[in-house]
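Chemist: With chain A held as given, fit chains B, C, D and E onto it using these hints.
Chains as they are written, first to last, in our numbering: chain A, 882 to 981; chain B, 23 to 524; chain C, 47 to 318; chain D, 99 to 624; chain E, 5 to 640.
Everything labelled a hint here was simulated from the structure, so no lab data went into it. Ideal placement from N, C-alpha and C gives every residue a C-beta, glycine not left out. Check each hint, because a few of them may be wrong.
DSSO-like mimics (lysine-lysine), calculated; alpha carbons at most 30 angstroms apart, straight line [as the list claims (entries may be wrong)]:
| hint | chain 1 | residue 1 | chain 2 | residue 2 |
| --- | --- | --- | --- | --- |
| 1 | B | K389 | E | K181 |
| 2 | B | K389 | D | K509 |
| 3 | B | K374 | E | K43 |
| 4 | B | K374 | B | K389 |
| 5 | B | K476 | E | K181 |
| 6 | E | K43 | B | K389 |
| 7 | E | K472 | E | K459 |
| 8 | E | K181 | E | K459 |
| 9 | C | K144 | A | K980 |
| 10 | D | K580 | A | K980 |
| 11 | E | K459 | E | K390 |
| 12 | B | K374 | B | K476 |
| 13 | D | K509 | B | K374 |
| 14 | D | K509 | D | K580 |
| 15 | C | K246 | C | K279 |
| 16 | E | K472 | E | K390 |
| 17 | D | K509 | D | K577 |
| 18 | E | K393 | E | K472 |
| 19 | B | K374 | E | K181 |
| 20 | B | K476 | B | K389 |
| 21 | E | K459 | B | K476 |
| 22 | C | K279 | C | K230 |
| 23 | A | K980 | D | K577 |
| 24 | E | K181 | E | K43 |
| 25 | C | K246 | C | K230 |
| 26 | E | K472 | E | K43 |
| 27 | E | K393 | E | K459 |
Computed beta-carbon distance windows for the label pairs [as the list claims (entries may be wrong)]:
| hint | chain 1 | residue 1 | chain 2 | residue 2 | range |
| --- | --- | --- | --- | --- | --- |
| 28 | E | A16 | B | V480 | 58 to 66 angstroms |
| 29 | E | P547 | B | R469 | 49 to 57 angstroms |
| 30 | E | L528 | B | L487 | 21 to 29 angstroms |
| 31 | D | V138 | C | A159 | 52 to 60 angstroms |
| 32 | C | L210 | D | K577 | 49 to 57 angstroms |
| 33 | B | P502 | E | A577 | 39 to 47 angstroms |
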Amino acid sequence: MMNPENYLILAALLFAIGSVGVLTRRNALVAFMCVELMLNACNLALVAGSHIHGALDGQVAAFFVMVVAAAEVVVGLAIIVMIYRTRRSTSVDDANLLKL
Amino acid sequence: MTFPWLTFLGLLPLVGGVLLFLPMGRGAARTLGLVFSGVTLAVAIAVTALHVGGADLAVQVPWIRAFGAWWALDVDGMGLAMVLMTAVLTPIVLLAEWEPPAMRWSAQAFFALVLILEGLSLFVFMANDVLLFYLFFEATLIPTYFLIVGFGGVRRSYAAVKFLLFSLAGGLIMLASVVGVYVVGAAQGVPSYLVSDLAAVRFDGDLGRWLMLGFLIAFVVKAPMVPLHTWLPDAAEHSTPGTATLLVGVLDKIGTFGMIKLCLGLFPEASLWITPFMVWFAVISIIWGALGAIGSRNLMRLVAYTSVSHFGFMVLGIYAFTTASMTGSIFYMLNHGFSTAAMFLVVGFMAKRTGSYDIAAYGGVQKVAPVLAGVLLVSGLATLSLPGLAPFVSEFMVIAGTWTRYPVVTAVSIIGVVLAAVYILRMYQRTMTGPVTDETAARFTGRDLTGIEKAVMVPIIGVLLVLGFYPQPAVQLVEPTAKATLAYVGTTDPAPVVKGAK
Amino acid sequence: MNTTLLPLVTGAEVTFWIAGPLAVLGALGLVLSRRAVYAALSMAVAMISLAVLYASMDAPFLAMAQIIVYTGAVLMMFLFVLMMVGIDTPDSAVETLKAQRPLAFLGGIGIAALLIFAIGGALHRAEPATVAAANAEFGGNVEGLANLLFGRYVFVFELAAALLIVAAVGAMLLAHHQRVRVRKGQPEMAADRMYAYATKGEHPGPLPSSGVYAGTNAIGAPALLPDGSIAEKSISHTLTMRGAIVDPVPLQQVTGQTFAAIESVRDDEEDV
Amino acid sequence: MSSILMPVLEMAAPTLEWRALAPVLLVFAAACVGILLEAVLPRAYRFLGQMTLVFATALVSIGFLVINWRGQYGGRLAMGSIMLDGPTYFMWASLLVFGTLAFMVFSERQLNGGATTFAASAASVPGSLDEADATAARYEHTEVFPLGLFALGGMMVFLASSDLIVMFVALEVFSLPLYLLSGMARRRRLLSQEAALKYFLLGAFSSGFFLFGIAMLYVFSGSLDLAAIHTAIEGNAGSNGLVMIGLAFIAIGLLFKVGVVPFHSWTPDVYMGAPTPVTGFMAIATKLAAVGATMRVFYVALDGERWSWQPLFAVLAVLTMVVGIIGALTQSDIKRLLAYSSIAHAGFILVALVGATQTVAAGEGTSASAIMFYLAAYGFATIGAFALVTMVRNAAGEENNIDGWSGVAAKNPWVAGLMSLFMLSFAGIPLTGGFIGKWAVFTAAWRGGYGWLVIVAVLASLVAVYFYLRLIVVMFGRKEAKGVYVGNASAWTWIPVVVGAVATVWMGLVPDQVMQLATFAGGFLR
Amino acid sequence: MILLETIAEPVAATGMFTWAWTMIAVPAIVAGLLLLAGKLSDAWGHLVATAAVFWSFAIAVCLFAEQLLAPATERAVAAPAYTWFSVGEWTFQVGLLVDQLSILFAMLITGVGGLIHVYSIGYMSHDPRRRRFFAYLNLFIAAMLLLVLADNYLILFVGWEGVGLASYLLISFWQHKPSAAAAGTKAFVMNRVGDLGMLMAISTMLAMFGSSKFTEVNAGAASTEPMWATLIGLFLLLGACGKSAQVPLQAWLLDAMEGPTPVSALIHAATMVTAGVYLVVRSHALFEAAPTAQMAVIIVATVTLLAGAWIGTSQDDIKKVLAGSTMSQIGYMMLAAGIGPAGYAFAIFHLLTHGFFKANMFLGAGSVMHGMNDDVDMRHYGALSKVMKVTFLTFAMGYLAIIGFPFFSGYFSKDHIIEAAFADNTFIGVCALIGAGITAFYMTRLMLMTFFGEKRWQPGVHPHESPKVMTIPLIILAILSVGAGIVLNFWIQEWLAPAVGNHPHELSLVPTPVGWMTMAVVALGVVAAWLVFGRSSIPVTAPATNNPITLAGRNVLFGDQVNDFLFVSPTTALATGIDTTDARGIDRMVDGGAQAFGGLSTQMRRLQTGYARSYALTMVFGALVVGAVLILTQLG
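Chain A extracted, bound-state conformation:
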């Protein structure tokens, strides 16, 4: 049987890659997708946990995370669309009136 740590390490990798994406991508949509990737990584860890402990709580949690992610995506996209309408741009960097 495979060492279940592998799943966790994969999750960690995905999580790290996702966070790098948030830091580097200027397109709000892509940055947001990277957040989704991070959530997916978490899901993987949860499911792996479920697998390791033999309980379904992790899978339920992962399910809820999906629900949350969906809701979050709706709101996030609404905000991005709103910004796009105003500025004709989805670049995160263009939104920097608020500073100092």
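Modeler: Just chains B, C, D and E now, with coordinates in the frame of chain A:
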């Protein structure tokens, strides 16, 4: 104890102050303010009578049970002396500022703030709970700040902020100690802020010293001691005389009051440890303040610096740990309230006529306004501790009491006595004597002290004279505090060297 | 529960080593591809790989949800929006924030290293319990999940409902605006114009174009009527607001001088 | 529950303790009803309808809360999702009160020419004809009320959850409405939208960390239940990487919401950009909920690891105080100033949190009670201060530049006076609730063995006094600024201000009742 | 070490003695009344004031009479009034001690004071502020009486400061003159320096004996450690130097002549300045226990008597000559007091006679000035003996008395002191002798320049004799100057013995060898003066000179310059420095701190770039650090 006299005493001016925020006419406001301060004075006298009559006035009600804080009020001799001083000075200040400077906030606001300040100060002097003390100690800053900002001179905002920042700096450091006191007490099974409870707690070692220092720094800022005194000359210079009176006469006393009540009362061991430093700091303050006064070209600054010098004496007396010196200090606190009030208010009357606090703006006033000059002279003589006026008695007690322990220190400190003569008389000489200048002739001719101004000065000078010639009742009032404190600290007076002299 | 003698390669392991790298590749594609659509598609790869992994861990319901809900709905929503806001603008390669990119990679590597270091060896038992038993308890994965979802986690379930309401309302709020007035079509506008002509005598045709001068033919330059006065209608209202209207007088002078020069040349020529 | 005996595919109907959960359920119910009202009621009646709904709900909810609290209902509720213990009661009460007050500021229409501070049509492009039309037609987004209620409900669940997944979902439930509300300002809409975007992106990012932390703890313990995690940690000798990661990442998620350095960067921008009533609501409600949840997680689940996180939090507390205070020193925008101030306060709260005195003699203050008192005091001042911020205006809307506040005292002494009161409370000057709170917090920290942290905090608050003072100085000590006036606010703004002022003074003078409530709320139950 | 016979405890006051306090109270009350009543009392104030002093004089005389009648052991009477204050083990009574010593002083003060009051009625008749002047004079009388009648050092000190105040007020009475105002200030401040000595002395006494009562201090003196006794003695000497204008605190006295002349007569000649002598005599027991202190007294006294005389020789201002003379004469008294039991009675003796003749001469000088339009420069006088006969004659009596013309009062008192000095130490004796010669020299110079020679009057000055109200006191004082010596000569030693514990000497009217010598020296002085000033005319302005002796004398031995250099300049510099330090030092530090924070804040605000990605980056690094710290510390 049926009627909570002390609570009533403190609340009275506070209620008056709050009432004064209601819209009302200028005349009504002033009358109301005066009535409230007058009634407060009456109650203060009643409280004194009760105390002297042996009544137990202590109030003790749980206040913040979770952290052992009590609404605990009580007065001892020292507290009562301060309460009386505050109660007497407030109506005097109100009268003196009957017409606050134009172009500033209204008289109503002034009266309200003064009354609030009075109430808070009274509570400080009556508080028997460390947290309660701290609460009111800090709270006094707020009305004072507004009194400076609302009615002061050109740079009032700067002065007010400076005052507030210095005071708050001290106060916040003290807050750490206030917290620490509770924590140490709780660790020893006394989770209480009551001064009487804390007396049972031992604040030993380094922690005790640090805690004591926290309190001490706040009080040193408050009782302005060099080098933390620089806020005072500015605050005094840029506030009205009435404010300066309350600031120096009443508020700064909290510093020395606190040293006796809390530093010595909670940390006897640490206080003894710090004594050598404090004694020398006091001496430095005495000399420094006096020199500063000599160097000032501004009357209000001058008076402020004299206070720095006098506070030096008070602190010296406290840390000499003899009955005479400490009694002297406490008595000095009382006297200084009146002498400094006299100085500030007379200077205020002068400035009211010329609009300037500059010494150079005056000359030869004596000739055209002899009563004003006479009053200034008497006030000045009180400030330089001339026998026959109250401050002498206290200063003498401090000097003689300290001498028995630290002759060399005392010898250095009394150079301040000479310097006092220099700053007062030089100031008098420059402003009041000499040929009448044109400016003086224009401003002062036919404008000697008015009836109200005389009414302001008479009680102050009266008190100074009465306490100068017959200080015994007042000394007896405050002596028990000194004795009790010394007994708690555990020092005894040095016995006369030559036995059997009698 | 295989014998330890042979290094047995289980199905789960195979799946992992295929889907895992794919997921990582997908993730990398998401982060690295400059075009947003490629990023979205790479994301889809990663998600589907994860779905495969879920399936291999006895979580069929989640695997399906991952594909249907996540990849099918959520990601498609991303794509819709992507198309709405224009897919043709790739991220510029130039990083505007100083040192952001290297620091970001450093941070990412740091996080990864940290996590791997922490996770490595943290599990005390190497053998996973697997959810087979749990799945079997209620007759299957879905039933098991349902039991939890409507039992132990019912409150969260209800909470999630609130979440979805918020999302819906939010989307309406920010993305949907109710028109106050009906948008006019071409016929209505033409009718309006003719109506204005009939009642107020407004010119129904196009407005006069801007003036053409020797020095400029900018849009801000007003046209002149034959009598030399300015044709008001040739001035754009917006440009007036901006103060971008060119004063015609100096322009006229230039024109006049030019004409004069030409004329003089002509005169000279005539003289000759 | 003996599920083994049950037949397959049949399950016991879950039980919900309706009465005990009534306060929070009512809030959610009202939010849903509010959404329905949007669909059902004609536009003209929506505002009135929503307001009636919100305040009626708040009253009933508070009523239930009080009755339940007196009746000592509590324990693990909703199938183990909610822990209704003393702190929960106290913080629910605080949240409901602050929420109600904040919603009152939402309702202010008199200041702004008969409209709320929320955009007439959030979806239309700023400056467009559509927007002008919507404004002219006096459109309003009355959805803000149900959204606010959802946020409030989410917060209530968040701090009461006894299960990490509940906590995560609740986190999103209260975050999403706030993201939306942040973007709905009527004036300076670009800033507002930018605030929403930043808040959303960073919020989502931080919730990713939070979730990963949850996952790690789950992997470690096999349970999402706080108590079970505690048991697992207790049963585990030595430290475990998973626990550490879980601890760290959960902390990040929570501290992000609290506004602790280095997870604070969103605070100034979002506070500045969001509509002021929303900022007021966020400033206290989010902080309260997040602090409550932090205490719950760290006191209940991660108690066994306190030697790991206490020093960490101590350092973060120092950082937070320093950054918050130093950042505030030179701010010229009042909302940014208050934002940095809120960061500083987060630091002070953390000071007590680190102390973690959970067990002292009965009736003596603990970290939890000190923090709860602190939050209550801070909350009243915050609500009041932000309400006052809406009142000082110029031709374009709110005057947020501190220079514009010059001489406000001369224009309206009440506004200046009350603002000063709130500033003094923030600064921790006696006679205000802020002082008692600060003192209690310091005491708790020192009793928990963090005397040095108290000293640092004291020094920090010393510097902090300066910028609170600066505003007072500006209002009282400077010449009147031109073009700035004090708006004629309706009772909807004044009530929160006055309630805030009265409560601030009350808690400063006679703090015993509130302190007793906080103290006898006791510790967090496991 | 001389062991003293125990001094009898003072007896309790009875009869007339219970009225003793009114001696002080009546003038004090009158003073207060006149000051408070203001212009209302302008018309009659001076009369009430004069009456008040005569009341005191009457009481003093009555008490004296009672004492004369009482047995020698019951002459000292204690009359405690009330407890001033008590603290710890210390109790301070406001109490009077009417003994043989103090009653003499009381009579001198009230007697001479009364005469001067009368004189002033005339002298100040044109001054609009005459009422105030009398109020101050009464204040002085009250304070001076308190000084001499006090039964303990603290109350003595109260009186001591009181006379200082009165002196200040009166010196700067003509405040509109800046010089007068400055002189007053200077007098007060220099006196304060002396007061330091008093304060320290009293403090030491309290530390040593637990009391400041004369009886207890004197009783304990013998058993005090010599070091402490010496210290107390030196402290007291410092006090005495201040009040009595002894070197090094002499500089104020000449300036004090800015005050109206009656003031100079009363305060700066007859009474107040002699308080130092009183103090030393009063503290005889302490000084006897401290030979070093006694030695210091002698040195100070000798230096002063010579210095004063020196100054007297070269001043042109008539009052300043007299002031220098006063310094010098007090030097004699101090010398006597310093010598010990042999000299106490002579000190007091000379004090009394000096009080008479110096008051006489000052008032005479005042009379001269009155006639000369308040000109004080002797170079503008001359030949006044003809126009101001009474003044001249009375002044001449004083002159003869001071130079020690046989059988005039000074002859007895001063000669005794010179003799005692010779008995103590030949060098000191010689100094005293030289002093006597110089005294004769400068007094003769004064007489010659004022009353003889040609007229050097300024234009418009018409000298005239003063009114009766001024001359009558002159006559009375002249009589006393002549006769007091011979009256007191045989009586005073016995009288004072119980109070000061002196050793009565055998005295006769026949001069001793030292007496003869003195007379010779005095004659020499007179002749020398006549040679210099009597024969030639005197320039109207002082001739320029390079003679260092003259220069030093004219500049009061450069006392002001020394003070300036040693004290005034450093103090001023320090005061200015402190002003600057306060503004620059501490405040700058605070301001600097504020600025540093402000700068830090501005820098830190830069971190808030407005870019969400930067914020995220800080979060990631925050997470990284938090995680790393946790993992490395907990797992490592």
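Chemist: Now tell me if each hint is right for this structure.
Modeler: Comparing the hints with the structure gives:
Of the pairs offered as hints, the one joining K389/B and K181/E holds, with about 11 angstroms between alpha carbons and a cut-off of 30 angstroms not exceeded. The straight-line distance between the Cα atoms of K389/B and K509/D is roughly 47 angstroms, outside the 30 angstroms bound, and the hint therefore fails. A C-alpha spacing of about 25 angstroms is found between K374/B and K43/E, which places the hinted pair at or below 30 angstroms, so the restraint holds. With a C-alpha separation of about 18 angstroms, the suggested pair K374/B and K389/B falls inside the 30 angstroms cut-off, and the hint holds.
Simply put, K476/B and K181/E have alpha-carbon atoms about 28 angstroms apart, close enough for the 30 angstroms limit, and the pair holds. Distance restraint check for K43/E and K389/B: the Cα-Cα separation of roughly 14 angstroms lies within the 30 angstroms cut-off, and the hinted pair is therefore satisfied. Our distance criterion of 30 angstroms between C-alpha atoms is met by K472/E and K459/E, whose separation comes to about 25 angstroms. Proposed proximity of K181/E and K459/E is supported: the alpha carbons are some 29 angstroms apart, at most 30 angstroms.
For a cut-off of 30 angstroms, the pair hint linking K144/C to K980/A stands: about 16 angstroms separates their Cα positions. Pair hint K580/D plus K980/A holds up; C-alpha atoms about 26 angstroms apart against a cutoff of 30 angstroms. At roughly 11 angstroms between alpha-carbon atoms, K459/E and K390/E fall within 30 angstroms of each other, so this suggested pair holds. Restraint check for K374/B and K476/B: satisfied, since their Cα atoms lie roughly 14 angstroms apart, inside the 30 angstroms limit.
The suggested pairing of K509/D with K374/B holds, with an alpha-carbon distance near 28 angstroms, which does not exceed 30 angstroms. Annotation: proposed proximity of K509/D to K580/D holds, straight-line Cα distance about 11 angstroms (limit 30 angstroms). Restraint check for K246/C and K279/C: satisfied, since their Cα atoms lie roughly 15 angstroms apart, inside the 30 angstroms limit. Between K472/E and K390/E the alpha-carbon distance is near 17 angstroms, which keeps this suggested pair within the 30 angstroms criterion.
In summary, the hint linking K509/D to K577/D is supported, as the alpha carbons are separated by about 11 angstroms, within the 30 angstroms threshold. Taking the CA atoms of K393/E and K472/E, the gap is near 13 angstroms; set against the 30 angstroms cutoff, the hint holds. Of the pairs offered as hints, the one joining K374/B and K181/E holds, with about 26 angstroms between alpha carbons and a cut-off of 30 angstroms not exceeded. Between K476/B and K389/B, the direct Cα distance comes to roughly 18 angstroms. Compliance with the 30 angstroms bound is thereby established for this hinted pair.
The suggested pairing of K459/E with K476/B is violated, with an alpha-carbon distance near 54 angstroms, which exceeds 30 angstroms. Proximity of K279/C to K230/C is assessed by CA-CA distance (about 23 angstroms); at most 30 angstroms being required, the pair is judged to hold. For a cut-off of 30 angstroms, the pair hint linking K980/A to K577/D stands: about 28 angstroms separates their Cα positions. For the proposed pair K181/E and K43/E, the alpha carbon gap of about 23 angstroms is at most 30 angstroms, so the pair holds.
Distance restraint check for K246/C and K230/C: the Cα-Cα separation of roughly 21 angstroms lies within the 30 angstroms cut-off, and the hinted pair is therefore satisfied. Of the pairs offered as hints, the one joining K472/E and K43/E holds, with about 27 angstroms between alpha carbons and a cut-off of 30 angstroms not exceeded. At roughly 15 angstroms between alpha-carbon atoms, K393/E and K459/E fall within 30 angstroms of each other, so this suggested pair holds. Remark: the range hint 58 to 66 angstroms for A16/E to V480/B is contradicted by a beta-carbon distance near 38 angstroms.
Restraint check, P547/E to R469/B: a C-beta distance of roughly 50 angstroms satisfies the suggested window 49 to 57 angstroms. Judged by the Cβ atoms, the range 21 to 29 angstroms given for L528/E and L487/B is violated: they are separated by roughly 56 angstroms. With their beta carbons about 56 angstroms apart, V138/D and A159/C fall inside the hinted range of 52 to 60 angstroms. Taking 49 to 57 angstroms as the suggested C-beta distance range, the pair L210/C and K577/D conforms, at roughly 54 angstroms.
Distance hint check: the CB atoms of P502/B and A577/E are about 46 angstroms apart, consistent with the given range 39 to 47 angstroms.
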